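Given the coordinates of chain F, assemble chain C onto it according to the supplied hints.
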Amino acid sequence: MIKIAHLYPHHLNLYGDIGNIITFANRLKWRSIDFCIDEISLGEQVKKYKDYDLIFIGGGQDRQQEEIAADIASRRNELFDLVENNLPVLAVCGGYQLLGKYYQTSEGHEIAGLDILGIITKAPSQQKNSKQDRLIGNVSAKLLLEMQFNTELKTLVGFENHSGRTFIVDQNTKPLAQIIKGFGNNAEDVFEGAYYKNLIGTYVHGSLLPKNPHLADEILYRAIKYSGKNYSLNALDDSFELEAHNFALKL
Amino acid sequence: MILDLIAINLAKSSAYLVKNLRLGNASALPGRIALALKPKLLKNFTKQLKNSKHAYMITGTNGKTTTTGLLKQICIEDQKNSNNNPYLICNDMGANLYYGIVAELVHSSDISGLLKSQNYTLEVDEAAFVKVSKEIKAKSIIVTNIFRDQLDRFGELDSTQKLICTGIDNALKDNQQKLQLILNANDARVSQIPEHLTTKPEKIFYYSVIEKDFEDLDGKSETKTKGDFICEIIESHDDISQVKFIVDQKEILVDIALPGTYNIYNATAAAAAAYYQGISLENIKKGIENYHSIFGRSETKKINNKELKIFLIKNPTGCTEVIKHLCKTTVEDYLIIINDDYADGKDISWLWDARFDYLAKSSNAKNFLCSGHRAYDMAVRLKYAGVDSSRIKVIPDIKQALEYIIQEKAQTINILPTYTALLELEKLI
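For the record, the sequence lines run as chains F and C.
Residue 324 is where the first sequence starts when you use the working numbering, and the numbers rise one by one after that.
Residue -8 is where the second sequence starts when you use the working numbering, and the numbers rise one by one after that.
I should point out that these hints are in silico values taken from the structure, not numbers from a laboratory.
All the pointers check out, no bait thrown in.
Below, a list of computed lysine-lysine pairs in the BS3-like style, where the Cα atoms sit at most 25 Å apart:
| no. | chain 1 | residue 1 | chain 2 | residue 2 |
| --- | --- | --- | --- | --- |
| 1 | C | 337 | F | 465 |
| 2 | C | 337 | F | 573 |
| 3 | C | 194 | C | 164 |
| 4 | F | 504 | C | 337 |
| 5 | F | 352 | C | 352 |
| 6 | C | 390 | F | 573 |
| 7 | F | 445 | C | 153 |
| 8 | C | 357 | F | 352 |
| 9 | F | 465 | F | 504 |
One side only, chain F facing chain C, incomplete, derived with CB under 8 Å:
| no. | residue |
| --- | --- |
| 10 | 339 |
| 11 | 342 |
| 12 | 346 |
| 13 | 386 |
| 14 | 460 |
| 15 | 482 |
| 16 | 484 |
| 17 | 528 |
| 18 | 529 |
| 19 | 530 |
| 20 | 533 |
| 21 | 560 |
| 22 | 563 |
| 23 | 564 |
| 24 | 567 |
| 25 | 570 |
All values derive from a computational prediction rather than experimental measurement.
Backbone N, C-alpha and C define an ideal beta-carbon position, used for all residues, glycine too.
Just chain F, with the same shape it has in the complex:
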């Protein structure tokens, strides 16, 4: 059995985040691999991260992120130790920012992050026209992640919508992908997302995994390896997924 934890699904659920969970579930089901998906919500500290083979965390609005901030901060070391121990984690958008060292507001205040991923995020300095300050649009990028499972497809596609500018500040944290089209982490360097060991963070939604089936399988492959179980990921008919992927590359 592969055990997946979905953190704060009622708070962090923007931009079709649930599509990523649906993708994990289906791609395991189609291969007849036993799995379970547990929601870990606010205050459910009895559910230990160590009991899972894969953790997903999505994004929320500011208000909802504030509501879960203290709860996840209280479990920081629990998560940190497991990430050091190669637990696969996928974090999208707000969840990605949260795992970093800090978030700097437009007034210059630093809000501490979980400090698990070597990134920092800054709010755009001029807030006058916050709508235009958001980085919004279709994204396509070249994957820089070293793929262990499917090495054929080397691109990543989706949609981004964020105002924070994220920068990688630690040499052990690597960029997930290199932007072909779109803004990526900060609209300044050419990178999108970041990874450290088996922790992957990204701004790309759309949802991310349904039309990036190679990345979905890569994460599942790592989760299986981490679990120590003997499952294999046989090939699936991904024709719809690949059509959607290739179409998005042309957007």
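What follows is chain C alone, placed relative to chain F:
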């Protein structure tokens, strides 16, 4: 003045050209032309709208077009009885952005720029509302609901609430005594609006619907049965519901010939707004019962003896409500058309928040044809919702998809287009 004439006439002829070249419904282009030539044109119109009897503005995420159409029909019934000019300015084809509204005014004016009526019901996009409410001073503003809708355009959800609050603040300027706010008590984000306003409005009325299974994806809305204008659902069927409106110790039974609980909300919003502007419950009933839905919101068209039932989808909450309704029907064939133009929202991730899994589990829905610019994304969505790939077909070109489904498929077809897909469809049917 001369420039006004030129602006209006050029705009009018552009609308004529757009319509006659079958470029779709004239929508926003005439508004752009008119304003480009004469930026103050809207001011000239708004001067004429100062003493309107009926002056409604409808905003919110879902249900704007239907609520607007229902209000229009109610006002028409009311005008009929009083022998007044029955013409009402109304953008009930859904062109609800700034330019679309100007275009509607151009359309409703004669060649000298004189409006055919002072009465209007206008639906206004949440983002455009900030600007429009500064210029056009409505007597009644209706906020239907605030759900997740096109987040790429508005940023994030709470910013939609902020936009609407700013719009209402603008509307309240010099208009505090006159303006009525009609708010949905069932939607927490709407009912909390007064707390966020800088000017306190004097007249706020809440409407609410008493029901059981309305799903708010965000899980945030608390159900409040409190309100000034209450709608009690008596009976609800596939395409028709009977409800009872209760207000000020009066009540009236009304048949709503529209599918889905969401349309009961729309009818209640329209009824409440009309009631507080002094329209009798009897005329409100007549208006709602004589309303014929605008193309696409939920309408049946016939081609070659095939019945095409069309349901606009544009955001997860509305789409899920449509899906829940469709699960109760016996229709086997579906055409789902997903575009990603600006008016649809460039971000299609909302497809993943809509509950297509209900449709996948329905024992009646069998074949799915996906079309539009993002046809393959829709195919992937259905596959992951649990529809076997063999039941999913993709024809991105909308015309070809329509031809295929009319030729090959059963008597009745459910069509679910996004907004611009609906406009394209309209040219073909």
